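A.B. asks: Sequence:
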Amino acid sequence: MPLATWRDSMMLDYPPLDDEHKAFLNVVNQAYMASQVDDFPMIEKVFEKCYDYARNHFSHEEGIMERIQFPDIENHMKSHQVFIHNVSEMRQQFDVAPSIEEKRKISMKLANFLNVWLLGHIMSRDKILKPYLIRIRNLPPRMNF
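For the sequence shown, this note's numbering gives the first residue as 8, with consecutive numbering after it.
Don't read these hints as lab results, they were simulated from the structure. Heads up, some of the hints might be wrong.
Listed next, with one range per pair, are the computed distances between beta-carbon atoms [what the hints assert, rightly or not]: (1) R142 <-> D46: 19 to 29 Å; (2) V103 <-> D25: 19 to 29 Å; (3) S16 <-> S95: 28 to 38 Å; (4) D20 <-> E69: 18 to 28 Å; (5) P138 <-> Q88: 37 to 47 Å; (6) K137 <-> N33: 35 to 45 Å; (7) I141 <-> S86: 17 to 27 Å; (8) E51 <-> I141: 37 to 47 Å; (9) E109 <-> D15: 14 to 24 Å; (10) T12 <-> D79: 40 to 50 Å; (11) E55 <-> D79: 44 to 54 Å; (12) D45 <-> P138: 21 to 31 Å; (13) S86 <-> P138: 31 to 41 Å; (14) R62 <-> A104: 17 to 27 Å.
On a predicted model such as this, the values are computed, not experimentally measured, just so you know. Beta carbons: idealized from backbone N, C-alpha and C, even for Gly.
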């Protein structure tokens, strides 16, 4: 798996969300690099960054979806819950892994999952938001994010 790179096709043209996606892309790459050299302390930090991302970005994105009355909000939120569930399962497996080899496998699994999930989520779930984000850009400044 090569390092993930940001592409213009991933843009939602809403800087607050685009910036958060770009920042998490760096976390995806940190996971990949750490998994290649068995940097298990960094993998632990990546898990924490995943939880921070879920807590902050998902809350931000879901708040925007509510404000713009996004019609598929429930399914989108379910995809966020799947992310949290999968990361939590891998974290538990990592924490009890009995060997370096097992930690290595879980680290690589995490890096692959994050790469596939982020790119897939942006290009499928989040891209559907793009035309709806026009609504929030057109709100008066005091009401905008």
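A.B. asks: Evaluate each hint against the coordinates.
C.D. replies: The hints, checked one at a time:
1. R142 <-> D46: 19 to 29 Å: With Cβ atoms ~43 Å apart, the hint is violated.
2. V103 <-> D25: 19 to 29 Å: Once the Cβ atoms are compared, 37 Å apart, the range 19 to 29 Å for D25 and V103 is violated.
3. S16 <-> S95: 28 to 38 Å: With a Cβ separation near 30 Å, S16 and S95 satisfy 28 to 38 Å, so the hint holds.
4. D20 <-> E69: 18 to 28 Å: holds (19 Å)
5. P138 <-> Q88: 37 to 47 Å: violated (24 Å)
6. K137 <-> N33: 35 to 45 Å: Between K137 and N33, where Cβ atoms are some 22 Å apart, the hint is violated.
7. I141 <-> S86: 17 to 27 Å: With a Cβ separation near 22 Å, I141 and S86 satisfy 17 to 27 Å, so the hint holds.
8. E51 <-> I141: 37 to 47 Å: Roughly 40 Å apart at Cβ, these two residues keep to the hinted range, so it holds.
9. E109 <-> D15: 14 to 24 Å: For E109 and D15 the Cβ distance comes to about 39 Å; the hint is violated.
10. T12 <-> D79: 40 to 50 Å: violated (28 Å)
11. E55 <-> D79: 44 to 54 Å: violated (30 Å)
12. D45 <-> P138: 21 to 31 Å: violated (44 Å)
13. S86 <-> P138: 31 to 41 Å: violated (19 Å)
14. R62 <-> A104: 17 to 27 Å: Holds, at about 25 Å.
Hints 1, 2, 5, 6, 9, 10, 11, 12 and 13 from the earlier list are contradicted by this structure; the remaining hints agree with it.
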